[in-house]
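We have chain Z; now place chain R onto it with these hints.
Chains as they are written, first to last, in my numbering: chain Z, 358 to 675; chain R, 351 to 651.
Worth double-checking, as some hints may not be accurate.
As the list claims (entries may be wrong) - Listed below are the simulated EDC-like cross-link pairs for lysine to aspartate or glutamate, each with C-alpha atoms no more than 20 Å apart in a straight line:
no., chain 1, residue 1, chain 2, residue 2
1, R, 638, Z, 547
2, R, 642, Z, 547
3, R, 549, R, 523
4, R, 489, Z, 415
5, Z, 385, R, 532
6, R, 642, Z, 477
7, R, 489, Z, 409
8, R, 459, R, 524
9, Z, 519, R, 405
Honestly, the hints are just simulated from the structure, not real lab data.
Here's the letter readout for the chains.
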Amino acid sequence: MKGMIPVDQVPVGTKKNGTITKRLIRDKYLYSMLLPVIVFYIVFKYLPMGGEIIAFKDYRFADGLLGSKWAGLKHFELLFESADFWRVLRNTLLLNVYSLVFGFPVPIVLALLLNEVRREWYKRLVQNFLYVPHFISWVVLGGILVAMLSPSTGIVNLLLNKVFGIDPIYFMANSSWWPVMYTLSGIWREAGWGTILYLAAMAAIDTQLYEAAKIDGANKLRQIWHVTLPGIRSTIAILLILRMGSMMDVGLEQTLVLQNSSVLDVADVISTYVYRVGLQNMNYSYTTAIGLFQSIVGLILIISVNRVIKVSGERGLW
Amino acid sequence: MVAMNARTDKKRWLPQLGGAINALFLGLFSLATLYPFWYEAAASFSSSRAITSGEVMFWPVEFNIEAYKRLFEDGQLFISMKNTIWVTFVGTLLNIVLTILAAYPLSKKRLLGRSALLMFITFTMLFVSGLIPNFILVKYLGLMNSYWSLWLPALISTYNMFVMKTFMEGLPEEIEESAAIDGAGDWRILVQIIMPLCKPIVVALSLFYAVGWWNNYFQVMLYIGKSNKQTLMLKLYQMIRQVDQHLLNPAGGSEGVMQAMLTPEAIKAAAIVIAITPILCVYPFLQKHFVKGVLIGSVKG
Chain Z
358 MKGMIPVDQV
368 PVGTKKNGTI
378 TKRLIRDKYL
388 YSMLLPVIVF
398 YIVFKYLPMG
408 GEIIAFKDYR
418 FADGLLGSKW
428 AGLKHFELLF
438 ESADFWRVLR
448 NTLLLNVYSL
458 VFGFPVPIVL
468 ALLLNEVRRE
478 WYKRLVQNFL
488 YVPHFISWVV
498 LGGILVAMLS
508 PSTGIVNLLL
518 NKVFGIDPIY
528 FMANSSWWPV
538 MYTLSGIWRE
548 AGWGTILYLA
558 AMAAIDTQLY
568 EAAKIDGANK
578 LRQIWHVTLP
588 GIRSTIAILL
598 ILRMGSMMDV
608 GLEQTLVLQN
618 SSVLDVADVI
628 STYVYRVGLQ
638 NMNYSYTTAI
648 GLFQSIVGLI
658 LIISVNRVIK
668 VSGERGLW
Chain R
351 MVAMNARTDK
361 KRWLPQLGGA
371 INALFLGLFS
381 LATLYPFWYE
391 AAASFSSSRA
401 ITSGEVMFWP
411 VEFNIEAYKR
421 LFEDGQLFIS
431 MKNTIWVTFV
441 GTLLNIVLTI
451 LAAYPLSKKR
461 LLGRSALLMF
471 ITFTMLFVSG
481 LIPNFILVKY
491 LGLMNSYWSL
501 WLPALISTYN
511 MFVMKTFMEG
521 LPEEIEESAA
531 IDGAGDWRIL
541 VQIIMPLCKP
551 IVVALSLFYA
561 VGWWNNYFQV
571 MLYIGKSNKQ
581 TLMLKLYQMI
591 RQVDQHLLNP
601 AGGSEGVMQA
611 MLTPEAIKAA
621 AIVIAITPIL
631 CVYPFLQKHF
641 VKGVLIGSVK
651 G
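Isolated chain Z, as found in the complex (with noise of 0.2 Å):
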């Protein structure tokens, strides 16, 4: 759009050359907008950043930022040393691995089998009832799922028990259980709203590939194999690496309403382990360690996504 308007219909206050102090002074209501806005990032993103140092010292509150002592890197040494932290790095990775594994194909059938629904009504009510969780608190999905899988007085024990003759399962609180409850939650919550991305690359495929495929005598599986998997490839492409991208987090939110004290070898994560053992035991510097590493793996691996996107010739992230 922009390119179409000829240079010299452009008005004077949008030209983009003229000298660096005219340029400033012409737009220097928008300077005045932005300066609250770069005040916020300077102390709220870029004052925590500078803040990471006190994992290289021996951070106390009385000594304050600067006078505390330095550390070196006694921290990091002790750090991977530490069975502790061998333990929430490997639970950070495998829930990750768990939730991409089952979690992520599921809002990618529900799209397809919703995308087959004539009836439009329908369809629409049925998405409508998928995307509730989204909308719903952790604390609260946590605290319903808590008290349904409860071995003594939880709706499901109680179901397998009459039914199966089960005795009851201490889902949440066994450390094979937990984190298949932990997937299935997080599939819970997200699968529906997952779903959108999806639908609407569905909705961009050319219908004349359907009714071309029908011709050729395709069936719905194979106008699903050939026409709609191939239209959305690109939108599973991109949402799977960015998905990749962000394997340090855990959703801490998440992760602290459902683990207990009994699971902790299998629901530790970084992001509790810190909060936990930093603001609890007040070992700031060592935690802070922790936190620093999360970071610095996580800026790795989402500059490495971005270059794959890149080279796979999609738009960049930035």
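This is chain R only, laid out in the frame that chain Z set:
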């Protein structure tokens, strides 16, 4: 065409049967998604005895409103709900104002230093600083126990800001240019011309922000120690996590022990119902705008 007509009836009803199975499956799936909420609602009107013995499945058993009565009498939950409404209202307002103030200038290609500013902002999405430095910052700024500890660090969601910027870049430039020729300043153009055009995206992003505020509990747990300032979700969290709470909440250790009495299931269920009712009331409106917001956001990628 002849060949197609000649096909057996079997070929005709097979796709229809498939469609019916598909519809049935999706129906069951969506009911399964909603069942836990339904169960909680039924439980909240049942006796605690009926809940713990597993008699409640679809409808209240031994119907009563005792749980709601006790929550009303206690009043705590409603104080916290009032706090949540305040936090949500002011927080969302601040978010929207700041998001617009960032997005509008940055949507102007003519702005000197625009790409440097964009890089300055984008970097904060890539390198996310840890919990401890943020906690220490809030403490140093003296924001503890004030709602500013929630609002200030979350003034702008960079992702939402980029969604807004993308939307503004898509507005026709001619309108603005004619206003500029008429001598209107940037502030006036923003308020009188741009803002009305941005209504759909402002609504969508307000809802994004508001739901986030309504559901937030972690920052409240970190920064708001005073019991009478705590929000609905934190109260609910404490109610649900009462057993483990004194282990998990360093800030309110003594309180955790005090609350370690078990709350009856029916009261928990009633509190959950009260907490999600406002969201469900605005839900039809909410999800329409949310979907719009997601789709605008995805254009940029």
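Hints, one by one, checked against the model:
1. Note on residue 638 (chain R) and residue 547 (chain Z): the hinted pairing holds, with a Cα-Cα distance of about 17 Å set against a maximum of 20 Å.
2. Annotation: proposed proximity of residue 642 (chain R) to residue 547 (chain Z) holds, straight-line Cα distance about 17 Å (limit 20 Å).
3. Taken as a hint, the residue 549 (chain R) and residue 523 (chain R) pair is honoured in the structure, with Cα atoms around 17 Å apart against an allowance of 20 Å.
4. A distance of roughly 18 Å separates the Cα atoms of residue 489 (chain R) and residue 415 (chain Z); the hinted pair therefore holds under the 20 Å criterion.
5. Distance check on the hinted pair: residue 385 (chain Z) and residue 532 (chain R) sit about 18 Å apart at the alpha-carbon level, within 20 Å; holds.
6. Restraint check: the Cα-Cα separation between residue 642 (chain R) and residue 477 (chain Z) comes to about 18 Å, which is no more than 20 Å; the hinted pair holds.
7. A hinted pair counts as satisfied when its Cα atoms are at most 20 Å apart, and residue 489 (chain R) with residue 409 (chain Z) qualifies at roughly 15 Å.
8. Note on residue 459 (chain R) and residue 524 (chain R): the hinted pairing holds, with a Cα-Cα distance of about 14 Å set against a maximum of 20 Å.
9. Distance restraint check for residue 519 (chain Z) and residue 405 (chain R): the Cα-Cα separation of roughly 12 Å lies within the 20 Å cut-off, and the hinted pair is therefore satisfied.
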